[in-house]
Amino acid sequence: MVPTSAYLILAIILFGIGTVGVLITRNMIVLFMSIEIMLNAANMVLIAFSKALNLVDGHVIVFLVLTIAAAEAAVGLAMIVMVYRNRETVNVDRFSLMKW
Amino acid sequence: MAEYLFLVPLFPLIGFLINGLLIGRLPKPLITLIGCGSVGLSLLLSCSLFFELKALAPEARQITQTLFTWISVGQSPDQFHVSIGYLLDPLSAVMILVVTGVGFLIHIYSIGYMAHDNGYGRYFAYMNLFTFAMLTLVLADNFLFLFVGWEGVGLCSYLLIGFWYEKKSASDAGKKAFIVNRIGDFGFLVGIFIIFWSVKSLDFMTVAARAPEVFVFGGSLVTAACLMLFLGATGKSAQLPLYIWLPDAMEGPTPVSALIHAATMVTAGVYLLARTNALFIMAPDALMVVAIIGALTALFAATIGLAQNDIKRVLAYSTVSQLGYMFLACGVAAFTAGIFHLMIHAFFKALLFLGAGSVIHAMSNEQDMRNMGGLKKYLPITFSTMFVATLTITGIPLFAGFFSKDEILWKAFSSGTNGAWYFWLIGFVTAGLTAFYMFRLVYLTFYGKERMDSKTKSHIHESPRTMTVPLMALAVLSAIGGFIGMPHIFGVTNYFEEWLSPVMSGPAHDMAEHALASGGHSATMEWLLMAASVVLVLVSIWMAYYFYRKNTQASTSLAEKFLGIKTTLENKYYVDEFYGAVVIRPVIYFSLFLWKFVDVILIDGTLNGLAKLWRDVSDALRYSQSGQLRSYATIFTVGVVLLIAWIVFGINHG
Numbered sequence: 001m002v003p004t005s006a007y008l009i010l011a012i013i014l015f016g017i018g019t020v021g022v023l024i025t026r027n028m029i030v031l032f033m034s035i036e037i038m039l040n041a042a043n044m045v046l047i048a049f050s051k052a053l054n055l056v057d058g059h060v061i062v063f064l065v066l067t068i069a070a071a072e073a074a075v076g077l078a079m080i081v082m083v084y085r086n087r088e089t090v091n092v093d094r095f096s097l098m099k100w
Numbered sequence: 001m002a003e004y005l006f007l008v009p010l011f012p013l014i015g016f017l018i019n020g021l022l023i024g025r026l027p028k029p030l031i032t033l034i035g036c037g038s039v040g041l042s043l044l045l046s047c048s049l050f051f052e053l054k055a056l057a058p059e060a061r062q063i064t065q066t067l068f069t070w071i072s073v074g075q076s077p078d079q080f081h082v083s084i085g086y087l088l089d090p091l092s093a094v095m096i097l098v099v100t101g102v103g104f105l106i107h108i109y110s111i112g113y114m115a116h117d118n119g120y121g122r123y124f125a126y127m128n129l130f131t132f133a134m135l136t137l138v139l140a141d142n143f144l145f146l147f148v149g150w151e152g153v154g155l156c157s158y159l160l161i162g163f164w165y166e167k168k169s170a171s172d173a174g175k176k177a178f179i180v181n182r183i184g185d186f187g188f189l190v191g192i193f194i195i196f197w198s199v200k201s202l203d204f205m206t207v208a209a210r211a212p213e214v215f216v217f218g219g220s221l222v223t224a225a226c227l228m229l230f231l232g233a234t235g236k237s238a239q240l241p242l243y244i245w246l247p248d249a250m251e252g253p254t255p256v257s258a259l260i261h262a263a264t265m266v267t268a269g270v271y272l273l274a275r276t277n278a279l280f281i282m283a284p285d286a287l288m289v290v291a292i293i294g295a296l297t298a299l300f301a302a303t304i305g306l307a308q309n310d311i312k313r314v315l316a317y318s319t320v321s322q323l324g325y326m327f328l329a330c331g332v333a334a335f336t337a338g339i340f341h342l343m344i345h346a347f348f349k350a351l352l353f354l355g356a357g358s359v360i361h362a363m364s365n366e367q368d369m370r371n372m373g374g375l376k377k378y379l380p381i382t383f384s385t386m387f388v389a390t391l392t393i394t395g396i397p398l399f400a401g402f403f404s405k406d407e408i409l410w411k412a413f414s415s416g417t418n419g420a421w422y423f424w425l426i427g428f429v430t431a432g433l434t435a436f437y438m439f440r441l442v443y444l445t446f447y448g449k450e451r452m453d454s455k456t457k458s459h460i461h462e463s464p465r466t467m468t469v470p471l472m473a474l475a476v477l478s479a480i481g482g483f484i485g486m487p488h489i490f491g492v493t494n495y496f497e498e499w500l501s502p503v504m505s506g507p508a509h510d511m512a513e514h515a516l517a518s519g520g521h522s523a524t525m526e527w528l529l530m531a532a533s534v535v536l537v538l539v540s541i542w543m544a545y546y547f548y549r550k551n552t553q554a555s556t557s558l559a560e561k562f563l564g565i566k567t568t569l570e571n572k573y574y575v576d577e578f579y580g581a582v583v584i585r586p587v588i589y590f591s592l593f594l595w596k597f598v599d600v601i602l603i604d605g606t607l608n609g610l611a612k613l614w615r616d617v618s619d620a621l622r623y624s625q626s627g628q629l630r631s632y633a634t635i636f637t638v639g640v641v642l643l644i645a646w647i648v649f650g651i652n653h654g
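As they're listed, the protein sequences go chains A and B. Those letters in the first sequence? Residues 1 to 100, per the numbering used here, in order. Those letters in the second sequence? Residues 1 to 654, per the numbering used here, in order.
If we strip away everything but chain A, and leave its shape as in the complex, we get (with noise of 0.2 Å):
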């Protein structure tokens, strides 16, 4: 039997794995992975709350966590290659037109 501990400490290491991947990274479909990283950290903190608990409800989140991220991996997909047509680059330091 794994503790529930052993679930978030691995939660902790993907969420802490997404974040410098998020704030290192230049490559916007990377970051878009790390960010990708982070939500199924918190969907793995999810499953062990349920599971140490004994409730559906965790399972249930996680099913419409993973539903929206699908969606919206979809849209930012979308949404990156249409950048990359315009400015033929996904670096994202590149893209700091809004300042001042």
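Possibly wrong hints are sitting among the right ones.
[Claimed, not checked] Think about it this way: if two alpha-carbon atoms lie no more than 20 Å apart in a straight line, the pair counts; the simulated EDC-like pairs of lysine to aspartate or glutamate are:
id: 1; chain 1: A; residue 1: Lys99; chain 2: B; residue 2: Asp619
id: 2; chain 1: B; residue 1: Lys550; chain 2: B; residue 2: Glu450
id: 3; chain 1: A; residue 1: Lys99; chain 2: B; residue 2: Glu498
id: 4; chain 1: B; residue 1: Lys54; chain 2: B; residue 2: Asp616
id: 5; chain 1: B; residue 1: Lys167; chain 2: B; residue 2: Glu213
id: 6; chain 1: B; residue 1: Lys168; chain 2: B; residue 2: Asp185
In case anyone wonders, no lab produced these hints; they're calculated from the structure.
Following the hints, position chain B against chain A.
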């Protein structure tokens, strides 16, 4: 017919809308047709309404027509309800006949007088708007609607005084009239507030009926209301101390002076007093003030009139003086006499102004009587009609002014109020002064040496038919108009008094009759006073003849002897200068203080300082907006971490 009452003011309004909206697009004949025709239709309708009213029994002579509700707020009994409604009773019937009748003649006259003016269409539009506003004023059945007309005529007065707005003096005079009237209108409004506050209604008939229940006879509330209404009347009707705008109003075209500043608008104050006679009769103190102001104004303006050289200014001061007579009549509770003089005055003063206009027209816009003289043979019609008007205003027996003026003098004498004798004496002296300055005007203008230059002289011509026909019509009215209101001692019915008696009676009058002791009425005394004033008038005329016709050196030497008095009179007692120093100068300095210090330094300084502070702070802060996604994400993450740290460590352990 009664259901067409609303058309009386509506016709001129339509005329105004057509002429006003299509300025510069209509041909002149059409403008004339619409401008004069609309007033003509009102005149015809007014006449038929008059006869319809006359056919009713005297007590039933009241036609009301409520068009719609204007304002309705609150719950009864405190409901504030004002309707757009018209009231035709003997008083307003007299007024609409005067307004449309004299107004129509002056419109006709204007065709000739304004023929060469560029603002022909604008002129007729304003005149029609004025007629509409004046008819609204006299036909309104409640205070607030009357106030609409009151302000409307004020606006038109402003527009028409400043009609030649390129001339600075004209636009200044317009502003002066408007601003001085504001003071009076403030009083009028306060009066309306007091009346609504106490009576809970603004309807004339309701107020008149309920005044005796609501007010105490001679009480402070009704006195305050009446004094406030009278303040409004002093503004509009050019009484002391607010008369200063009227002489300046002569900057407008002469028919405007005749219509607005002599015949109709300036008499609105007298009409207001007559309309609210049920209130005034209950406030003897207020009536006393009215009588004193009226008498003083009559005397004061007449003395100024003695020394003016501008033909229109003499007439302007004469108007102020005659209005003083009307207020004197109202002040001794002889409202009928006041309205009678109002009507007769409308005839002869309109005629005098139109005659003066005809003279000015002939003299190529010269207004100074010192440059006239001997015009009698050039302007026969103008001369004869103006002469009739002069005989009327001076009170030569059997001319209309004789009856109306002596009625006022007799009523003042026999009123039984305190100081009645003094009121009579002031009116009596004023009658003499009136005779003197009017004949001075006639002698200087129409007799004697021809003092104009040769260029002007070659242009002198009698005015066109459109101008002389109204003169003749008004001359007939001025001559015979008095026969409807002859005093009882002539052994005939005073039709005018009988006609107005339903309006001048009611519960309030009954109450006042109990409270006031009536003066003695003796026919012998009345004959005696009448004879005295006729003698005084004849002596004054002889003096004018002596000084300005027979022995012109005498007037010059007399003037030299009393140089101080002459300059004081010529400068109108320095009242304008006095107001300038006491009222206008402090206001200007106070305004400068408000502008330069309060506004510029305090308010603008504070606001601009605050605005500058925010701008500087924002200037510094905006550099944090780098546009770099990753730096935003970093700040965001650090923030979240700090927030969580505070929640986890701060709250739990602190």
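Structure-based check of all given hints:
1. Taking the CA atoms of lysine 99 of chain A and aspartate 619 of chain B, the gap is about 13 Å. The hint holds against a cut of 20 Å.
2. For the hint linking lysine 550 of chain B to glutamate 450 of chain B, the alpha-carbon distance of about 15 Å falls within 20 Å, and the restraint holds.
3. Only pairs whose Cα atoms come within 20 Å are accepted, and lysine 99 of chain A paired with glutamate 498 of chain B is rejected, the gap being roughly 89 Å.
4. At most 20 Å may separate the alpha-carbon atoms for a hinted pair to count; lysine 54 of chain B and aspartate 616 of chain B exceed this at roughly 80 Å.
5. A C-alpha spacing of about 54 Å is found between lysine 167 of chain B and glutamate 213 of chain B, which places the hinted pair above 20 Å, so the restraint is violated.
6. This hinted pair does not check out: lysine 168 of chain B and aspartate 185 of chain B have alpha carbons roughly 25 Å apart, beyond 20 Å.
Of the numbered hints listed earlier, those contradicted by the structure are 3, 4, 5, 6.
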